[in-house]
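A.B. asks: Protein chains in written order, with the working numbering: chain A, 1 to 158; chain B, 1001 to 1109; chain C, 2001 to 2099.
It is worth saying that the hints were derived from the structure and are not from the lab.
From a predicted model like this one, the values you see are computed outputs, not experimental measurements.
Glycine is no exception: its CB is placed at the ideal position from the N, C-alpha and C atoms.
Treat the hints loosely; a few may be bogus.
[Unchecked claim] As a list, the in silico BS3-like pairs of lysine-lysine whose alpha-carbon atoms are at most 27 Å apart:
{"no.": "1", "chain 1": "A", "residue 1": "K95", "chain 2": "A", "residue 2": "K80"}
{"no.": "2", "chain 1": "A", "residue 1": "K73", "chain 2": "A", "residue 2": "K95"}
{"no.": "3", "chain 1": "A", "residue 1": "K80", "chain 2": "B", "residue 2": "K1096"}
{"no.": "4", "chain 1": "A", "residue 1": "K95", "chain 2": "C", "residue 2": "K2077"}
{"no.": "5", "chain 1": "B", "residue 1": "K1096", "chain 2": "C", "residue 2": "K2077"}
{"no.": "6", "chain 1": "B", "residue 1": "K1096", "chain 2": "A", "residue 2": "K95"}
[What the hints assert, rightly or not] Calculated Cβ distances over 10 Å to all of chain B for the following chain A residues:
{"no.": "7", "residue": "F12"}
{"no.": "8", "residue": "F22"}
{"no.": "9", "residue": "P24"}
{"no.": "10", "residue": "I31"}
{"no.": "11", "residue": "V37"}
{"no.": "12", "residue": "L65"}
{"no.": "13", "residue": "Q100"}
{"no.": "14", "residue": "V104"}
{"no.": "15", "residue": "P117"}
{"no.": "16", "residue": "E144"}
{"no.": "17", "residue": "R153"}
[What the hints assert, rightly or not] Interface residues of chain A toward chain B, partial, derived using beta-carbon atoms under 8 Å:
{"no.": "18", "residue": "L17"}
{"no.": "19", "residue": "H21"}
{"no.": "20", "residue": "G30"}
{"no.": "21", "residue": "A75"}
{"no.": "22", "residue": "T79"}
{"no.": "23", "residue": "I89"}
{"no.": "24", "residue": "V94"}
{"no.": "25", "residue": "L122"}
{"no.": "26", "residue": "A156"}
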Amino acid sequence: MRQRVGLAIALFTFWLLLSGHFTPFLVAAGIGSTVAVLAVCARMRILDSDGQPLHLGARAVGYWLWLSWEMAKSAWDVTKLILSPQPQITPTLVKVRATQSTEVGRVIYANSITLTPGTISLEVENTAIIVHALTREGACSLEEGDMDRRVTRLEANG
Amino acid sequence: MSLLADIISWALILAGSFFTLAGAFGIIRFPDLYTRMHASGVIDPFGVSLILVGLIVQAGLSLISVKLTILILFLGLTSPVACHALGRAARHRGLKPLLADREKPPSIS
Amino acid sequence: MMFIAATAALILAIALVLARAWMGPTVYDRVLAANTIGTLAVGLMATHGFLIGRPEFLDVALVYALLNVLSTLAILKFFRFGSLGDPEGIEPPPTETSR
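So here's chain A without its partners, still in its complex pose (with noise of 0.2 Å):
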């Protein structure tokens, strides 16, 4: 039930984000689609706390500008190693612990891995993810495991 009222209020407010106009037959029409869409949602049986995690509450948005910094400073890594006349990558794979407990969890830290310019998520296990990295220095600090604990420390304190 509350993931059904969370997901309502979603949709409705995004309607009415998107238009901009509060005539009555827009509104109305916003309901029906809302509507429409919960309705969809049941059927495809994904209104659980997979499809909504509401439960990570305000901790995502803190979570989201931590990842922001993580990803200004591996895209100018990156773009360090394009520009450089003699670029040295040293492409590796390497699999990396997953110790999230949850679905979510581990859907958020392979986004988040792949989000960060210099690894990419190739494959995601029940207890580890395959990690392509476009230098050795990236998957070292990958595999010492700071954006694991903070994504578990997420998942858990929701």
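Got chain A; can you put chains B and C on it based on the hints?
C.D. replies: Here is chains B and C on its own, set in the frame of chain A:
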């Protein structure tokens, strides 16, 4: 205030343009698919998002900046999914990544 | 002025990535180039909308950002299975997990 906003958005848009161009250059330059995906990762959410954040600062607090924020969220949520699917599909079709030797790193043409 | 700079940078980047789509040795390079061009086009629509003073382009950009990912996934699935429908016999369908 307006001048400050202009300076900030100038800096963000120029930084985004720089990263975008660098990423496009890397896509041309890097030797195999997986390394090119790293170069694309500089553009794909990051460079374009910087430009969009610059536009948010320019637009001020309005419906336009809300739409730009939603756009950044969409890009940030969807682009890693596409990137992961691409790498996974290529790996399952047997495209071997170019790996570095322990002794000598590969040189790029 | 700054919108012109951003638009020029985005168009130049699209041209460079298009060259990779033209050269790309494997089909995955071309898909990667197409996906990147899609994201760049989203940025181009937003900046172009600001440049000519019509932010309505943002709505187009929102839809394009979503369609871009869907098209990439559809193309990848097509090259993997040879069809967009049910992959009969190629891979077992995902089992219904208890939720």
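A.B. asks: Holds or violated: is the Cβ of P117 (chain A) farther than 10 Å from all Cβ atoms of chain B?
C.D. replies: Contrary to the label, P117 (chain A) does not stay out of reach of chain B, its closest Cβ about 4 Å off (not over 10 Å).
A.B. asks: Can we trust that I31 (chain A) is non-interface, i.e. its beta-carbon lies farther than 10 Å from all of chain B?
C.D. replies: 20 Å, holds
A.B. asks: Going straight from one Cα to the other, do K80 (chain A) and K1096 (chain B) come out at no more than 27 Å?
C.D. replies: 25 Å, holds
A.B. asks: Holds or violated: the hint that T79 (chain A) contacts chain B, with Cβ atoms closer than 8 Å.
C.D. replies: 4 Å, holds
A.B. asks: Is the Cβ of F12 (chain A) more than 10 Å away from each Cβ in chain B?
C.D. replies: 14 Å, holds
A.B. asks: So is V104 (chain A) really clear of chain B, every C-beta pair being over 10 Å apart?
C.D. replies: 13 Å, holds
A.B. asks: Beyond 10 Å from every Cβ of chain B: is that where the Cβ of F22 (chain A) lies?
C.D. replies: 12 Å, holds
A.B. asks: Hold the hint about L122 (chain A) up to the distance rule: shortest CB distance to chain B must be less than 8 Å.
C.D. replies: Holds, about 5 Å.
A.B. asks: Per the CB criterion, is V94 (chain A) less than 8 Å away from chain B?
C.D. replies: At about 11 Å, which exceeds the 8 Å cut-off, the nearest Cβ of chain B leaves the hint on V94 (chain A) violated.
A.B. asks: Beyond 10 Å from every chain B Cβ: check whether that's true for Q100 (chain A).
C.D. replies: 16 Å, holds
A.B. asks: Would you assess whether E144 (chain A), listed as outside the interface, keeps its beta-carbon beyond 10 Å of every beta-carbon in chain B?
C.D. replies: 19 Å, holds
A.B. asks: Against chain B, is A75 (chain A) within 8 Å by beta-carbon distance?
C.D. replies: 5 Å, holds
In summary, the numbered hints that this structure violates are 15, 19, 20, 24, 26.
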